[in-house]
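**Q** Following the hints, complete the assembly by docking chain G onto the known chain D.
Sequence order for the protein chains is D and G. According to numbering that gives the first Met the number 0, numbering within the first sequence proceeds without interruption in unit steps and concludes at 94. According to numbering that gives the first Met the number 0, numbering within the second sequence proceeds without interruption in unit steps and concludes at 317.
Do not rely on the hints blindly, as some may be mistaken.
Which residues of chain D face chain G? A few of them, derived with a C-beta cut under 8 Å, are [said to hold, decoys possible]:
| no. | residue |
| --- | --- |
| 1 | K3 |
| 2 | N4 |
| 3 | W5 |
| 4 | S25 |
| 5 | L26 |
| 6 | H27 |
| 7 | A29 |
| 8 | M33 |
| 9 | V41 |
| 10 | N63 |
| 11 | P64 |
| 12 | G68 |
Residues from chain G that face chain D, not an exhaustive set, calculated with beta carbons under 10 Å [claimed, not checked]:
| no. | residue |
| --- | --- |
| 13 | M284 |
| 14 | A301 |
| 15 | K308 |
No more than 25 Å apart at the CA atoms, straight line, and that leaves these computed lysine-lysine pairs for PhoX-like [said to hold, decoys possible]:
| no. | chain 1 | residue 1 | chain 2 | residue 2 |
| --- | --- | --- | --- | --- |
| 16 | D | K57 | G | K158 |
| 17 | G | K308 | D | K57 |
| 18 | G | K158 | D | K15 |
| 19 | D | K57 | G | K314 |
What the hints contain is simulated information worked out from the structure, not anything from laboratory work. Since this is a predicted model, take the numbers as computed values, not measurements. No residue lacks a Cβ here, since even glycine has one placed at the ideal position from N, Cα and C.
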Amino acid sequence: MSTKNWPLWEIFVRSKNGLEHRHFGSLHAADAEMALENARDVYTRRNEGVSIWVVESKHITASNPENNGELFEPAQDKVYRHPTFYDVPDDVKHM
Amino acid sequence: MSEEQIKSLERQFDERIARDEKIEPKDWMPEKYRKTHIRQISQHAHSEIVGMLPEGNWITRAPSLRRKVALLAKVQDEAGHGLYLYSACETLGVSRDELYEQLHSGKAKYSSIFNYPALTWADMGAIGWLVDGAAIINQVPLCNTSYGPYARAMIRVCKEESFHQRQGFEIMLKLANGTPEQKEMAQDALNRWWWPSLMMLGPTDDKSVHTEQSMKWKLKRKTNDELRQQFIDQTVPQADVLGLTIPDPDLKWNEERQSYDFGAIDWDEFWQVVKGHGPMNKERMKARVGAWERGEWVRDAAMAHAQKKQERKEKQAV
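Next comes chain D alone, as it looks inside the complex (with noise of 0.2 Å):
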């Protein structure tokens, strides 16, 4: 058995120009060079991407669900930030 593993490193995509990258799933490399290009033969076997960024797994921080109260409910009471909560009469037009 290898003493030592290769890494996970986590894949994002660009599937075409205009697109942001999108995170396609994870794969294991020795470095950031392999990552490329074992990303390049896994995610992108049928002309699914024009660019990849590929970045070690644990650098990654992320939220914890257990916090999501905290985080995100704030956000659900704020009706007048979106445009429906205005009232305005129909026949106003262009707004």
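**A** Same frame as chain D, now just chain G:
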């Protein structure tokens, strides 16, 4: 956590799934949910990896360049599918090394179908047509399963899988319309792969220990018997197109059920193969473990090289 707290969390969890909400890696989940998913997803990943072996053997002997590039692409897809699934499984807190270790030690299972030998070129046709056909039936409902990373992996797998089945069917069609010897070869492959393909969809519902819980978690959306009937109903007309005979004298259309009745499956054979006594179990594990062991120096060298590059970069930065 107290038992009562866990009960309440479990209740909330079940309600989320009932509402068709997805479960993501960092969400709280019952230990049994985690374990069942690790078992099923890894079993699925192992099947993709072991599934490369019977076909990989035929790449160098494919009868034309067209067939060769197709088979090569199919086997490469299977490696890819194994990798998507291993990554999905790792999000449940198990390492890739543990998963490999479970496969190599025989602790984890893979699909029983890959313990049958691929004897002739027609087997590449029968495997694509029948084995991938049965796999698709099994996999399509999983695109909606409750565990997010698994569902996402399955969407990718299903998108890529339909070429596998079509290339298999095309091989069969060509052979079935070829010389009498070629047609006979296709029939022989169908004879050998038909019953194992039916078994591949799993034991009958009354013998399937995981079905009920898996249905609740949407890890399974149809029972084994339903999937098997669906497979038979859609495959029989395809065999008619090929002009080949399905090796089941009891197979006949049931007007009332609007489905095919079929003969008894030899479940003793199925359990023998699952328990490791199939024709190719030992051979498959030997090939897999051998490849892993022979690759060790490559994996180590890649790590050493990466480290050396990193150190050199750090030194230059000083």
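**Q** Check the structure against each numbered hint from earlier and tell me which ones fail, lowest number first.
**A** Failing hints, ascending: 12, 13, 16.
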